[in-house]
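Each chain, written out:
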Amino acid sequence: MTPTPRILGWVALAAVILLALVPQFADRYYIQLLTRIMSSAIFAMSLGLLVSGAGLVSLGHAMFFGLGAYLLVLLSPAGEGVSIWWAVPATMGIVAAAALVTGALAVRTSGIYFIMLTLAFGEMLFYLFHDWKVLGGSDGIYVDFRPTVTAFGTTLLSLDDRPTLFYVVLGLMVATYLAIGMLLNAPFGRTILGIRANEQRMEALGYNVYAYKLVVFAMAGAIAGLAGFLYATQYRSVNPELFSWRESGLVLMMVILGGLRARLGPAIGAFALVLVEEALQALTDNWLIAIGVFVILAVLLLPNGLADLASHRPWRDRKAPQHG
Amino acid sequence: MADAVLETEALTKRFGGLVAVDGVGLRVAAGEVHAIIGPNGAGKTTLLNLLSGALPPSGGRVRFHGRDVTGLPAHRLSRLGFGRSFQRTNIFPEFTVHENCWLGAQSRLPSSMRFVRPAKKIAAVAARTDLALTMVGLGGRADAVAASLSHGEQRQLELGVMLATEPTLLLLDEPMAGMSAAESSRMVDLLRRLRRDHTLVLIEHDMDAVFAVADVITVMVNGAVLASGPPEKIRESRAVQDAYLGGTEAA
Amino acid sequence: MDPLFFLIQVLNGVQYGLLLFLIASGLTLVFGILQVINLAHGSFYMIGAYLAFWLTARSGSLWIAILGGLPLALLLGFAVERLMIRFLYKRDHLTQVLLTYGLILILNEAQRLIFGSDVHGVPVPEIFAGSIQLTDTLSYPVYRLAVSGICLILVILMMVVIQTTRLGMYIRAGSVNREMVQLLGVDVQRLCTLVFAAGAGLAAFAGMVAAPLSSVYPGIGEHILIICFVIVVIGGIGSIKGAFIAALLVGLADTFGKIAVPEFASMSVYAVMAAILLWRPQGLFGRAG
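Residue numbers (our numbering), protein chains in the order written: chain A, 8 to 331; chain B, 8 to 258; chain C, 6 to 294.
No lab work stands behind these hints: they were computed from the structure. Errors might be hidden in some of the hints.
[To be verified] With a straight-line cut-off of 20 Å between C-alpha atoms, the simulated EDC-like cross-links for lysine to aspartate or glutamate are:
no.	chain 1	residue 1	chain 2	residue 2
1	B	K127	B	E173
2	C	K263	A	E206
3	A	K140	C	D7
4	B	K240	B	D213
5	B	K128	B	E160
6	C	K263	C	D97
[As the list claims (entries may be wrong)] Pulled from the structure, derived: some chain A residues nowhere near chain B, Cβ distances all over 10 Å:
no.	residue
7	G86
8	E87
9	A94
10	L107
11	R115
12	I148
13	L163
14	M189
15	V216
16	Y219
Glycine is no exception: its CB is placed at the ideal position from the N, C-alpha and C atoms.
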């Protein structure tokens with residue numbers, strides 16, 4: 008029997024509560040791992056917005072993750088942490104602007120062209136950060152201090168404390184999920200879902216398809232930038248590999264494995280993929296072969312992803328039968 | 008004589024060496040039902056694509072209420088009041104009937120770049136959606152998934168999605184394609200109701216329907232206008248008989 | 006710029022471009038005819054390079070390595086098409102991307118298992134060893150000229166096949182309209198297998214002849230893959246002519262980029278791509294829409 012999306016919602020809520028309990032009993036390693044997975048989940052949700060929201064399959068989404076990560080380092084002043092109050096909006100704004108520039112070209116195309124163009128732009132940024140010594144070159148850069156969260160001169164939260172950072176990332180992951188849900192229920196969301204379903208008809212109905220695609224591309228970029236910012240906050244170091252197309256492929260895998268039809272899919276995919284990866288790494292050095300086989304089998308056997316629990320339909324105005 | 012709603016001047020579309028639409032001049036008066044007929048490959052759908060902005064013309068002009076709209080993209084024309092329906096049903100098959108019309112109705116918001124408030128709370132859009140559903144007689148099927156509708160119902164929905172945008176000029180590409188006799192006659196009734204406050208340009212192969220509703224008929228052959236005039240004139244025209252009407256009956 | 010130095014750079018650029026064309030032509034035909042986006046195409050180049058390394062070390066001759074390696078690569082291309090790519094024809098691009106991405110992971114890891122992570126060199130064949138002395142300080146390696154020559158012969162051969170033979174006609178027609186070829190009564194399935202295997206073979210061949218020029222190292226396939234994507238995008242999907250011009254353009258842009266803006270050499274290719282797409286979003290010879 009297929010569980011309904013409502014049950015999936017309860018499962019998600021239970022999972023969040025369980026996650027919130029983790030720092031109470033788990034050791035450092037698991038807190039670290041889960042923090043990383045949660046920023047990956049934010050990253051995957053941003054790509055999910057693009058792929059299952061607007062039907063735009065990007066193979067260069069890591070460029071925005073990488074940019075967000077580098078921006079934390081570049082915005083941090085020497086000798087102290089940057090204030091999160093302006094660094095996060097600035098990062099998301101700059102990444103959104105970068106997405107607007109690349110998107111202006113990429114979004115004009117579709118299908119295979121869009122995939123290859125996003126891949127090419129991602130690679131272009133990879134080389135920019137890889138070859139340019141000012142940006143640290145192939146070794147990347149370190150940042151000495153994590154961002155600060157202060158108000159009226161007192162420190163509210165210390166991100167150096169692992170559980171605190173864990174809770175911040177957990178909060179942002181939930182917030183991202185809710186924000187994307189809000190977006191998809193608003194007129195904007197219905198518009199992009201319509202574009203995904205039938206672009207030509209949307210154009211004929213008076214929607215400026217190009218503008219909507221560009222805006223959703225920028226939004227997805229900004230959210231990926233936030234995820235990158237969190238990643239860099241956790242590890243205090245960045246390197247050009249963050250931009251690499253392998254990362255873009257990996258996050259695309261999370262989105263697809265999680266399933267394109269459920270809003271929760273990308274997050275599920277992120278947890279599933281990273282945990283499988285961890286388990287395999289513990290077993291064998293050549294775990295990438297296993298991941299490759301896992302992906303191919305998943306694609307061939309589960310064409311609709313792991314979380315194919317929700318219906319085809321993108322939103323619900325009324326209680327509709329599954330198949331009328 | 009009523010003002011022209013839509014006028015074209017030497018409208019031309021070339022695909023490489025092929026001239027699909029060849030110097031077409033068209034004048035559609037307000038409140039008129041203007042049918043375009045012609046054999047397959049005459050360039051009728053291409054002409055409709057030029058009028059609706061789906062394709063940019065290679066030459067010529069299009070005017071809407073006297074304003075030059077040549078080369079404007081489809082979404083701009085839609086906002087001026089152009090409504091377009093397609094020959095091959097062009098709906099959102101995975102969405103319900105209601106959701107299909109919703110997208111038409113929502114397009115009349117000044118902008119859909121609205122990110123926070125749930126769409127379903129916008130009463131004006133909901134009202135427009137229900138109105139369009141009622142107009143095409145799909146009020147009782149609102150919750151059905153579009154792909155599950157019968158062919159005739161899908162054709163009705165095709166019109167409903169368009170009507171939800173509250174257009175003033177309707178460009179209809181074979182609204183009766185593939186319909187049964189009963190469905191066709193219902194569609195003719197609908198077209199008669201629509202003509203009260205819309206201007207209609209339609210392509211149609213069903214000659215009975217065309218002669219029943221059209222005020223003006225334009226006959227196209229090989230991309231060019233062969234004849235244009237009221238139905239009785241077209242029926243009597245020798246050239247049209249030879250080029251087209253006779254051929255259809257023989258076929 | 007010294008004219009002789011300039012000439013050498015042009016020769017380098019053209020040689021690189023011709024080599025890239027061998028790889029990109031297969032990619033663009035697979036897009037055009039099979040309508041499959043194959044990320045693993047670069048892996049065939051990688052396999053070619055490693056086959057050249059392995060078989061040359063065994064036999065002592067690059068020529069024997071090519072003679073032995075090429076059939077292996079063709080066979081592998083054939084097998085991959087039959088066992089995997091075939092299932093992707095009716096699937097969306099997303100699935101194609103994912104499955105071929107998985108394939109890259111497997112092939113790369115297999116490479117690491119067998120050959121390790123070291124960088125390997127392949128000796129230049131003896132008859133083409135040495136350089137042509139142009140001035141006291143400038144010389145040009147004979148092998149580079151030989152590679153250009155070999156590639157040029159292959160390009161001409163390919164053009165002749167595509168322009169004059171019946172098979173070529175099907176390929177040309179197939180890249181414009183696949184259904185039409187089906188109507189002509191051609192076994193499209195076999196055509197697809199053939200095109201895919203030939204593309205794999207060409208990519209592997211390119212990897213073999215390039216091995217003595219640019220050592221053999223892990224990840225060699227992905228770099229070339231993305232450059233070839235750029236070429237396909239610039240040239241227009243499915244267009245052999247477009248791929249040819251774009252390959253030369255990219256080869257020259259890369260070579261001269263290294264001289265003009267050494268720090269951003271790798272970016273010059275992408276800059277060319279962005280400029281061309283601003284002007285023609287569908288690529289030089291792509292169909293609009």
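For each hint, the structure was consulted:
For the proposed pair K127 (chain B) and E173 (chain B), the alpha carbon gap of about 19 Å is at most 20 Å, so the pair holds. Restraint check for K263 (chain C) and E206 (chain A): the C-alpha separation of about 42 Å exceeds 20 Å, so the hint is violated. A distance of roughly 29 Å separates the Cα atoms of K140 (chain A) and D7 (chain C); the hinted pair therefore is violated under the 20 Å criterion. Note on K240 (chain B) and D213 (chain B): the hinted pairing holds, with a Cα-Cα distance of about 18 Å set against a maximum of 20 Å.
Taken as a hint, the K128 (chain B) and E160 (chain B) pair is broken in the structure, with Cα atoms around 27 Å apart against an allowance of 20 Å. Among the hinted pairs, K263 (chain C) with D97 (chain C) is inconsistent with the structure: their alpha-carbon atoms are about 38 Å apart, more than 20 Å. Taking the minimum C-beta to C-beta distance to chain B, about 39 Å, the non-interface status of G86 (chain A) holds against the 10 Å cut. Non-interface call for E87 (chain A) relative to chain B: holds, since the shortest CB-CB distance, roughly 35 Å, exceeds 10 Å.
At roughly 23 Å, the least C-beta separation between A94 (chain A) and chain B is larger than 10 Å, which holds for a residue marked as non-interface. Taking the minimum C-beta to C-beta distance to chain B, about 14 Å, the non-interface status of L107 (chain A) holds against the 10 Å cut. The Cβ of R115 (chain A) lies farther than 10 Å from every Cβ of chain B, with a closest approach of about 13 Å, so its non-interface assignment holds. Every C-beta of chain B lies more than 10 Å from that of I148 (chain A), the closest at about 34 Å, which supports listing it as non-interface.
Every Cβ of chain B is farther than 10 Å from the Cβ of L163 (chain A); the closest lies at roughly 27 Å, confirming the non-interface assignment. The claim that M189 (chain A) lies off the interface is violated: its Cβ sits roughly 6 Å from the closest Cβ of chain B, which falls inside the 10 Å cut-off. With a least beta-carbon separation of about 7 Å from chain B, V216 (chain A) fails to lie farther than 10 Å from that chain, contradicting its non-interface assignment. Once the 10 Å rule is applied to beta carbons, Y219 (chain A) is inconsistent with being away from chain B; the minimum gap is 7 Å.
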